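Chain by chain, the residues:
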Amino acid sequence: MRALPVGDDALLVEVSSGEEAQALHAELLRRRAEGSLTVREIVPAARTVLLDGLTDPARVASDLAASQVPPAPPRARDVVELPVRYDGPDLVDVAAHWGVPPHEVARIHADTEFSVAFCGFAPGFGYLTGLPPRYDVPRRATPRTAVPAGAVALAGPYTGVYPRSSPGGWQLIGTTDTVLWDHTRVPAALLSPGTRVRFVPVGSS
Amino acid sequence: MTDRALCVVRAGALTTVQDLGRAGHAHLGVPRSGALDGPAAALVNRLVGNAPEAAVLETTLNGCAVRPRSTVTAAVGGAPCRVTVDGRPVAWGAPVRVPAGALLDVGAAVSGVRSYVAVSGGITVEPVLGSRSTDLLSGLGPPPLTDGAVLPLGTPTRLHARVDVTPQPAPPAELVLRVTPGPRDDWFTPEAVRVFTSRAYRVSPASNRIGLRTDGPALERALTRELPSEGVVLGAVQVPPDGRPVVFLADHPTTGGYPVIAVVPAADLPAAAQAVPGTPIRFVAVRRR
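Chains as they are written, first to last, in the numbering used here: chain A, 1 to 205; chain B, 1001 to 1289.
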């Protein structure tokens, strides 16, 4: 673990794996909840957790260096189920990358329990991990100018669901009608870091 | 019942509603947003007797014109500009009375980029996640103003300030931005780090509320592998593949996959918000405090 100073009042804490980042994120949330850490934003990402709005980043950095981060606690939260039609235009390409027939992509994907490693790109967009590394896929060589809201997509080790129509370079494998982001709802984001997710196939094709 | 609202007569190139922004939601991918020139927004609010969190209008280069349905006190600050009420010149940087139905015209910026318009009672569009700010990256908050739009106003709670004029910083002829190195300065060649803090850059016309883009020498990476997405802060100087540094402003994405070579302190960003395209920029390395 390495804490890199960011400006005058933030720290970027870098670890060596996505699992460690999720464990560190859980620990930092626990410290904030118990009152031992005062910080404006805790932003987990692929291999890092950003702490922004610290009054004494040097002290937080030395506290972190001196402490142990327990492995991520067993997740007590309910699983969010997202009904999905596996009808994406890149299903065949993904099947080719995986070396399986197209219908197997749906089965493998729907048999996986995901968790939200971090959010970004757009409000409500979660980077979901859970697939084994052999199912990593590259981004599309040419991004689409418009990916529809609800598109279920893969890139690298991640699965994501586009909360609204936007340009995007991920491989589209399906569609969900579930609303990922609704600012009039509490909470606005259906998925937040740590949320467990399952994709439930619904009739299509 | 009084009809407290503003009718937009001339929306201008880009006029948005802004307040203090919606910090605290970065972990959900929600940018902080808020007025780019915070001190200017705070000043015009104070001039009309509004609380600091009241929403104001932020114009871009060519101002805007609005017609209040009831008599209000307004103040214009930030980028200096000609201000008129029904065609008569009134003070910039001071509270002015705008009678019901009169036209408040905020002219083109004489210097600087963004003028701020506070109206007594504040603009009370529906807040989203605790803020009324327009976020141009993710589309949260009210849309940018359009001709004919109507914006609700709150009820004034305090009297306006009794001043004739207030000193405000002039928009920069040269933008000097302090930077603290890192977190990813080691992803660049030592030569690139030297170039960044010693050569002249200019404000690019492609700048917006998301970032101050620059024209100038490209910064060469020492590490060319892909950087896994990581959280980024306001003022982060990110270097995309073209090598030209981008200073992240209020509507910046909350995570990014290009290395951040340095960070500009928040105190220097209001000047960045007022630097017109072509303004020379110097990045000056400073020690972390």
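The set of hints was computed from the structure by calculation and includes no laboratory data.
One thing to keep in mind: the hints can contain errors.
Unchecked claim - Stretches of chain B that chain A covers, calculated by requiring three or more beta carbons in the stretch to come under 8 Å of a beta carbon on chain A:
1) 1022–1030
2) 1124–1138
3) 1223–1230
4) 1236–1250
What the hints assert, rightly or not - Covered stretches of chain A, as calculated for chain B (at least 3 residues, CB under 8 Å):
5) 100–109
6) 117–128
These numbers come from a predicted model, not from an experiment.
All residues carry an ideal CB built from backbone N, CA and C; glycine is no exception.
Hint numbers the structure violates, sorted upward?
Per hint list: 4, 5 violated.
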